[in-house]
Structure formats: structure tokens, C-alpha cells
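Colleague: Sequence:
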Amino acid sequence: MIRGLLIVWFWTLVNAENWAVLVNSSQYWYDYRHSSNLLSMYQTLRGQGFKASNIIVMNAAAHVCDARNVFLGHQYALPDHKVNLNKGVPTDYRGKQVGVQQVLDVLRNRHDGAVPNSKRLLGDARSKIVLYLTGHGGNGFLKFRDRELLFAEQLAAVIDEMYLKSRYSTMLILSDTCQAETLVDRIRAPNVYTFASSRRGESSYSLINDSDLGVALIDEFSYALAWLLAQPNGSSRSMSQLASDCGDAVELSTPVLRGPTQDILMSDFFSQASQPILMDDLIV
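As numbered in mature numbering (1 follows the signal peptide of the UniProt record, and there is no 0), residues -16 to -1, 1 to 268 make up the sequence shown, in order.
One or more of the hints may lead you astray.
Only pairs whose alpha carbons sit at most 27 Å apart, straight line, appear in this in silico DSSO-like list of lysine-lysine [said to hold, decoys possible]:
(1) Lys80 x Lys103
(2) Lys71 x Lys103
(3) Lys35 x Lys71
(4) Lys35 x Lys103
(5) Lys103 x Lys149
(6) Lys127 x Lys80
(7) Lys35 x Lys80
(8) Lys35 x Lys149
(9) Lys35 x Lys66
(10) Lys127 x Lys103
I should point out that these hints are in silico values taken from the structure, not numbers from a laboratory.
Just so it is clear, the structure is predicted and the values come from calculations on it, not from any experiment.
Start from the sequences, fold in the hints, and give me the full structure.
Modeller: Shown next, in the form of C-alpha cells:
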């Protein structure tokens, strides 16, 4: 019997999978930095060994294809234009496919039969999930394509539903938007950590402008996250240590960490494969 229990325990460990849902809710050219935020998070996950098949990319913009992009097909976070953040990134939902209802449907796994598994969040009670949200926001909302709003109450309700339906074991929600704290401060579901780029009443800020493109390239908070996690043993930091280091790196807003009192290693969320992929395209 003990042997049988050990086999079940081992099977559970090796079959538990981490998932990520990355959302950029902005669509206009001057929101270029929001696409960079999302793409830098994708490359960070992949650099830690995360499987591409377990990352759902929802990008309301298509900056790499915009006629104003003098580097068509490329997206950059630094003005030296050496590292293409768009390299190898598949987009599961794009443009008008990215809205409030679509995000809620992905989190619930509520789709019609025609939607392939590659566009579904197939988490279960063993899964650790990263939800990354970037775009324009305000007090208690995230704006989608300047047409509709995702309210903090909606986000909290869908996370409650995910918990009740055993769609995660632990969850990390990263939000990079103005007043980002207010988008996640209504969440009460168990085992959810939230890390927001700014406090109530604070804006979040871009980091670097590019004279060739005429836009800001990336936001301060998302760049700091990617930079810290790409360092040697970056994902071996605890959640509280990453928050402290990120707070030191972000100068113009105040990142806010909330969640269970028990600390957790970032590798619990950001690592997937036993052999990490060696990335030569991180933004450091």
C-alpha cells in the first residue's frame, strides 16, 4: 500500500504543470511599451525553462506589424535594437480577440468545441499559474482597447471561481498599470499572490524612449522584473526578496506585494522544465 501511495505521489509531482496567461490590453502605436512588457515576460518564462505550450499570449496590439515600425517584425526594449523580444513568440489571441470576456473565458476554460487546446488554460488543482496583466488602468479597472473595462470585482470573482473549480494550487498575479494595486486588492481567494507595479493613486511609468521609433520602449516595473529574474539564480529568490529588489530598482512608483504570509520561491512559478532553455535573447 505504501508503495502504491508513493507511486501516486510521484505521478502527481511529475505531472503537475505550471501555466501562464499573458495579457496586453492596449492596441495603439504609442502603447508600444505594453507589448514589450508582455513579450519580455514571455521571454523571461521561456528563459527559465517554461514550456511554450503552457503560455497563453493575449496581445491586443500588433506593434511588430505596424507600418510605423521601422523594424518590421521586431520589438525592442532597449534603443540599441540588439535583442528582438518578438523572436519565437506565438500569439494565441490578438487584436479584437483580446477583450474582457475573452480573458475571463480563458481563465474559466469556458470555450466552444472549436477552440484548440493550445488556446486553453488547462490548469488543475496541482497547477501553479502566472497571470500577467499590462495596459492602461485606473482605480479598480484595466482598460481594454479603449473600449471596455475589466473591473477589480470581476477579476476577484473569476479567481474565486477558479479556486472553487480546482483550477490552480497557487497563483501569482502580476499587474503593470497605473494604480495597479487597485486591480488586485479585492482578491480573497486562497493561495493567491499579487505583485502590482504601483499603489492606489500612483501612475506606472515607462523607462526608455527610442528616437527611431518615437515611442517609449518598455515600462519600468516589467523591465525590472525581467532583469532581476534573468540574473544568475534569479528565480531562486523568494517572493519577498524579489519584491524588495524590485522596489529598489523601480524609482517612480511603489510596487506592492500581497498574499499568503508563507514565503515562496519564484522558481515555483517561473520554472517548468528540468533543463532550462539557454536564452541568448534576454534583455540584459
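Colleague: Compare the structure with each hint and give your call.
Modeller: Okay, the hints, checked on the actual structure:
no.	hint	verdict
1	Lys80 x Lys103	holds (15 Å)
2	Lys71 x Lys103	holds (20 Å)
3	Lys35 x Lys71	holds (15 Å)
4	Lys35 x Lys103	holds (14 Å)
5	Lys103 x Lys149	holds (19 Å)
6	Lys127 x Lys80	holds (14 Å)
7	Lys35 x Lys80	holds (26 Å)
8	Lys35 x Lys149	holds (24 Å)
9	Lys35 x Lys66	holds (24 Å)
10	Lys127 x Lys103	holds (22 Å)
Of the numbered hints listed earlier, not one is contradicted by the structure.
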